[in-house]
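Trainee: Here the protein sequences come in this chain order: A and B. Throughout the first sequence, residue numbering follows this note's numbering, covering 29 to 310 in sequence. Throughout the second sequence, residue numbering follows this note's numbering, covering 2 to 655 in sequence.
To be clear, the hints were calculated from the coordinates, so they are not data collected in a lab. By construction, the Cβ of each residue, glycine as well, lies at the ideal position given by its N, Cα and C atoms. The reader is advised that the hints may include incorrect statements.
Simulated DEER-style distance windows between Cβ atoms [stated by the list, open to error]:
#, chain 1, residue 1, chain 2, residue 2, range
1, A, Ile166, B, Ser221, 46 to 56 Å
2, B, Phe653, A, Val40, 47 to 57 Å
3, A, Phe261, B, Ser221, 52 to 62 Å
Calculated lysine to any residue pairs in the SDA-like style (CA-CA distance at most 25 Å, straight line) [stated by the list, open to error]:
#, chain 1, residue 1, chain 2, residue 2
4, B, Lys400, A, Lys158
5, B, Lys641, A, Phe284
6, B, Lys631, A, Tyr200
7, B, Lys400, A, Lys47
8, A, Lys158, B, Ile652
9, B, Lys631, A, Ser77
10, A, Lys158, A, Val185
11, A, Lys47, A, Gly206
12, A, Lys36, A, Gly206
13, B, Lys614, B, Pro430
14, A, Lys227, B, Lys284
15, A, Lys47, B, Leu574
16, B, Lys614, A, Gly87
17, B, Lys641, A, Tyr200
18, B, Lys284, A, Gly206
19, B, Lys631, A, Gly206
20, B, Lys641, A, Phe230
21, B, Lys284, A, Met183
22, B, Lys641, A, Leu121
23, B, Lys631, B, Trp506
24, B, Lys641, A, Thr55
25, B, Lys482, B, Tyr555
26, A, Lys36, B, Ser651
27, B, Lys263, B, Tyr555
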Amino acid sequence: MSLFKALKNGAVNVVSSYKMILLVWITTLVLALAVAFPLKASFNMIFGSSMAIERLNDGFDIGLAGDIGRPFGAIMASLSAGAFVVGTAGFFLMTFFAGGLFRRFTLAWGGLRVSEFLRASASNFIPFLKIALLMMFIIGAYTFVMIGLPGILNMTVSGSQMPSGRFMYLFYGLWALGLPVWLVVADASRRWIASTGSKKVFRAIGSGFRLLRERFWLSYLTVLAVFLLNTLFIALTFWFSARALPDRGMEVFLFFLAAQSLFILRLFMKAWRYAAVCESAQ
Amino acid sequence: MRTFFSVLLCLLPFTAGGQIVVNKPLSPRLTGYDINAVLDPEEHTVNGLMTAFWVNHSSAPVSEAMMHMYLNAFSSNLSTFTAQGRWSAAGNDGWGWVKVKSVTDGIGNDLIDSLRYVSPDDGNTHDRTVMRVGLPVSVAPGDTLTLHMEFISKLPSPIVRTGYEDDYHFVAQWFPKFGVYETAGMRQRETDGWNCHQFHPTSEFYANHSVYNVSVTLPSDFVTGSGGILIEEIDLGDGLKKVVWRAEDIVDFAWTAWPGYKVLTRKWRDVDITLLTTEAALKKADNQFEAVIHALEYLDERVGPYPWPHLTFVDPPLSGAGAGGMEYTTIFTSMGGGAVPSFLKMAEMVTIHEFGHAYFMGILASNEFEEPWVDEGINSYWEQRIVDHYYGDGYGLLKLPFIRMSDTDQGRLSYITSPGHNLATNDLPSWMYPHNSYSTMSYNKAAAWLHTLEGIIGTETMDNVFREYYRRWAFRHPSGKDFIAVVNDVVKTRHGDRYGEDMNWFFDQVLYGSGICDYRLSGITSNKIRSYSGVVEGDSVSYTRSERSSDTLYLSRVSIERLGEVKLPVEVLVRFDNGDEVLETWDGIAGYRDFDYTGTGKVVWAKIDPYDKIDMDVNRINNSYTLEQKYTASRRMMNKFVLFMQMMISIFTL
Numbered sequence: 029m030s031l032f033k034a035l036k037n038g039a040v041n042v043v044s045s046y047k048m049i050l051l052v053w054i055t056t057l058v059l060a061l062a063v064a065f066p067l068k069a070s071f072n073m074i075f076g077s078s079m080a081i082e083r084l085n086d087g088f089d090i091g092l093a094g095d096i097g098r099p100f101g102a103i104m105a106s107l108s109a110g111a112f113v114v115g116t117a118g119f120f121l122m123t124f125f126a127g128g129l130f131r132r133f134t135l136a137w138g139g140l141r142v143s144e145f146l147r148a149s150a151s152n153f154i155p156f157l158k159i160a161l162l163m164m165f166i167i168g169a170y171t172f173v174m175i176g177l178p179g180i181l182n183m184t185v186s187g188s189q190m191p192s193g194r195f196m197y198l199f200y201g202l203w204a205l206g207l208p209v210w211l212v213v214a215d216a217s218r219r220w221i222a223s224t225g226s227k228k229v230f231r232a233i234g235s236g237f238r239l240l241r242e243r244f245w246l247s248y249l250t251v252l253a254v255f256l257l258n259t260l261f262i263a264l265t266f267w268f269s270a271r272a273l274p275d276r277g278m279e280v281f282l283f284f285l286a287a288q289s290l291f292i293l294r295l296f297m298k299a300w301r302y303a304a305v306c307e308s309a310q
Numbered sequence: 002m003r004t005f006f007s008v009l010l011c012l013l014p015f016t017a018g019g020q021i022v023v024n025k026p027l028s029p030r031l032t033g034y035d036i037n038a039v040l041d042p043e044e045h046t047v048n049g050l051m052t053a054f055w056v057n058h059s060s061a062p063v064s065e066a067m068m069h070m071y072l073n074a075f076s077s078n079l080s081t082f083t084a085q086g087r088w089s090a091a092g093n094d095g096w097g098w099v100k101v102k103s104v105t106d107g108i109g110n111d112l113i114d115s116l117r118y119v120s121p122d123d124g125n126t127h128d129r130t131v132m133r134v135g136l137p138v139s140v141a142p143g144d145t146l147t148l149h150m151e152f153i154s155k156l157p158s159p160i161v162r163t164g165y166e167d168d169y170h171f172v173a174q175w176f177p178k179f180g181v182y183e184t185a186g187m188r189q190r191e192t193d194g195w196n197c198h199q200f201h202p203t204s205e206f207y208a209n210h211s212v213y214n215v216s217v218t219l220p221s222d223f224v225t226g227s228g229g230i231l232i233e234e235i236d237l238g239d240g241l242k243k244v245v246w247r248a249e250d251i252v253d254f255a256w257t258a259w260p261g262y263k264v265l266t267r268k269w270r271d272v273d274i275t276l277l278t279t280e281a282a283l284k285k286a287d288n289q290f291e292a293v294i295h296a297l298e299y300l301d302e303r304v305g306p307y308p309w310p311h312l313t314f315v316d317p318p319l320s321g322a323g324a325g326g327m328e329y330t331t332i333f334t335s336m337g338g339g340a341v342p343s344f345l346k347m348a349e350m351v352t353i354h355e356f357g358h359a360y361f362m363g364i365l366a367s368n369e370f371e372e373p374w375v376d377e378g379i380n381s382y383w384e385q386r387i388v389d390h391y392y393g394d395g396y397g398l399l400k401l402p403f404i405r406m407s408d409t410d411q412g413r414l415s416y417i418t419s420p421g422h423n424l425a426t427n428d429l430p431s432w433m434y435p436h437n438s439y440s441t442m443s444y445n446k447a448a449a450w451l452h453t454l455e456g457i458i459g460t461e462t463m464d465n466v467f468r469e470y471y472r473r474w475a476f477r478h479p480s481g482k483d484f485i486a487v488v489n490d491v492v493k494t495r496h497g498d499r500y501g502e503d504m505n506w507f508f509d510q511v512l513y514g515s516g517i518c519d520y521r522l523s524g525i526t527s528n529k530i531r532s533y534s535g536v537v538e539g540d541s542v543s544y545t546r547s548e549r550s551s552d553t554l555y556l557s558r559v560s561i562e563r564l565g566e567v568k569l570p571v572e573v574l575v576r577f578d579n580g581d582e583v584l585e586t587w588d589g590i591a592g593y594r595d596f597d598y599t600g601t602g603k604v605v606w607a608k609i610d611p612y613d614k615i616d617m618d619v620n621r622i623n624n625s626y627t628l629e630q631k632y633t634a635s636r637r638m639m640n641k642f643v644l645f646m647q648m649m650i651s652i653f654t655l
């Protein structure tokens, strides 16, 4: 199979799985809103009828923290705790839904009903969780070797407080080029679990490495292409979010729609990687 | 040129009547120092031979001299500095001290047995940072006391302001130095006497403007810098060199030596600026020069000229970071900022702050021990003005798409969030502030009320105040009361009695009082005025309500309160639904005030201090009130937070 065909078939599979992607989106939205709504309510309560709320217009003015006083500390504590809970729950949820998505992308033909999708998600959750944790550990170690150690060396030699210079850019680049290798292994391992129904995690990871060895360029370039597009898209989304300053009610609502549309697209693009790896393994 | 300077220097008597650095003496030059020193980089000691003089400018004979021996602050864990602070020596080699090995006066009298340590601030008998020199013959008015001293200074480690770390040396407060002999009337003093304080964690500066001829012998591979101009550098052979510096009319002489320094130079008008930095911080050198030049330009335009033709500043390496953020007139230390991202102007802020000290303490030489607000407060106020002027009003210190902070707000934030901000008055000596409130009070509260004063009298008048303060008091040791007198004179001249007979009412509250300032807009009401139908023989009373029309009248009320003790005049901006705006003023003296309006428009919002003039108001959230709150900002923030969390979840999962 060619690179183009893997990407194309993957894209078609993702688009046809739109119901599942939207389910993932709704879940993350509800999760994030569970923290964001109390945060908004806290700010509204603190500001009441004060026009000082205008100082949030151009980003958060830290000078306001003093005027808010003690409640600011409480808000920050709640925010940190909330972000941690959302992050952790989000990790489990995304791992859970990955089980259903991989099942969908390994089917020779046809789709999955939502109930079948959820059943497949539940069935694959534990092995997927193990693979996710294991691969995250491997990626962490890889990052330490590729960036951490050269950074420490750089700081020791230069006496600087931060790694800097072209030397470090070289390692950042090498790290980015190597990262898709681990993504291929992670995705191919999960594909193996989803297609075989086996729960054997290490055999699955072995299968991931086998795909990497047997179809290195196809699988690597497939993931690299999607990875680069995803990175660009993420940067664009953050840029948009940072720059957008809607200041009227309808504009704020339109911003919400635009932001969520971007996130849905991001979910499609991430699932595209799953589907493309599954295609390249056919 | 250096040879010429060397010859000239040899021809000069050490009393330095001649000029090398500046065209004519800037100060009375009541003290001066000739020091020949040798740095031992293995033992981290400086052996010195010093000839120092002091001129009795009083009208009475003086029988003793008082000298700073500030390195002794690091000599034990019972000194006032270590007891008040948290410094401890890095092992037995880490203690620092200065010892006088011999001392004679100008006619050869041995004074070594007359030396006594005294502790004028706290009576701590373990503190040896102030030395009394008993004189066998009193110094007559107009006469000069000359002391020939041999001393040895051992630098402390880890570095706090001064000291060493491996081969890095920052040598400050290293030689016996005269205190200031104040005559009656100077700084509102009643009788003549020495003003010589112990070395404190919070303060270390009050000295005469002096002339320094300093030579240091040290290994050839050390790169050096100091507060003087380099006269010559002599190769002594055997891997040694001798560096000769001269400085005129500065309050302290510090120097540094380290093989790793990179030396960069720039010129601003007639000032040669030298930066000693590290390899790692080289990329930030342009920013650092830019910051210094911003400060030079800003203060030159608004206060007065920088009077010396040279300025050296240092970005210490990580190992010498303890030397950072200090000032010794024509040499000051910043922070390299190599690790600080460009959106955070922390290194620039430190550079501007320390240059400000070099400028204000260097030129005006107030008493940092007794009136820290005159030094730290005034300097912080100007630092905040400079940073926000050049790096962005509203985001001078930090600018990111999601978050921002001005330097002025940073100072105000520190003041209003400190639990000790209303415990004490702002005129205490540095070591007397309770509950660790020194920084809050002397830096941030003072800066906040100086911004407030600027808000009340106007920026132009404030600049005139400082121009006059500089003109009257440069090189003359002003006190806080001298500054207030300048404020009163300038405000009177420019505004007459607009703010009362003088501005003492302001200083009595903010400087000599401990109260806080807080105004609150407690509410807005707008009621339709009912048409009165009348009373008929006392039988009936009827009113008619008219539908809203262009001639419907409303009675609106804006209610404001003073919650704090500080009473300041405030402005109140009131906005009506027909677009009209009214700017009211209130003297702020009573506990509350209602503003009533009758007209066709209803009040929709009102703001106390709409132009943020009252920087010391501890709560600005309660300064405004609107009947049309939309909360769009918090909704937008929530939407961005939601997207951010979703993206993070999608990024950090496989």
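Trainee: Assess, step by step, whether the Cα of B:Lys641 is no farther than 25 Å from the Cα of A:Leu121, and give holds or violated.
Mentor: Holds: B:Lys641 and A:Leu121 sit about 21 Å apart, inside 25 Å.
Trainee: B:Lys631 and B:Trp506: Cα distance at most 25 Å?
Mentor: Distance ~40 Å between B:Lys631 and B:Trp506 Cα, so the pair is violated.
Trainee: Does the alpha-carbon distance linking B:Lys482 and B:Tyr555 stay inside the 25 Å limit?
Mentor: Between B:Lys482 and B:Tyr555 the Cα gap is close to 51 Å, so the pair fails against 25 Å, i.e. violated.
Trainee: Hint check: B:Lys641 vs A:Phe284, CA-CA at most 25 Å. Holds or violated?
Mentor: Holds, at roughly 8 Å.
Trainee: Next pair to validate is B:Lys284 with A:Gly206; report whether the Cα-Cα distance is within 25 Å.
Mentor: Violated: B:Lys284 and A:Gly206 sit about 30 Å apart, past 25 Å.
Trainee: Need the status of pair A:Lys158, B:Ile652: alpha-carbon distance at most 25 Å?
Mentor: holds (18 Å)
Trainee: Keeping to a limit of 25 Å between CA atoms, is the pair of B:Lys631 and A:Tyr200 held or broken?
Mentor: It is violated: about 45 Å lies between the C-alpha atoms, which goes past 25 Å.
Trainee: Does A:Lys47 lie within 25 Å of B:Lys400 when you go C-alpha to C-alpha?
Mentor: violated (41 Å)
Trainee: If you draw a straight line from the CA of B:Lys263 to the CA of B:Tyr555, is it 25 Å or shorter?
Mentor: violated (72 Å)
Trainee: Is B:Lys641 close enough to A:Tyr200, meaning Cα to Cα at most 25 Å?
Mentor: violated (28 Å)
Trainee: Quickly compare the C-alpha distance for A:Lys158 and A:Val185 to 25 Å and report which way the hint goes.
Mentor: Answer violated: A:Lys158 to A:Val185 is near 39 Å, above 25 Å.
Trainee: Is the hinted range of 52 to 62 Å satisfied by the C-beta distance from A:Phe261 to B:Ser221?
Mentor: holds (58 Å)
This entry does not satisfy hints 2, 4, 6, 7, 10, 11, 13, 14, 15, 17, 18, 19, 20, 23, 25 and 27, going by the numbered hints stated previously.
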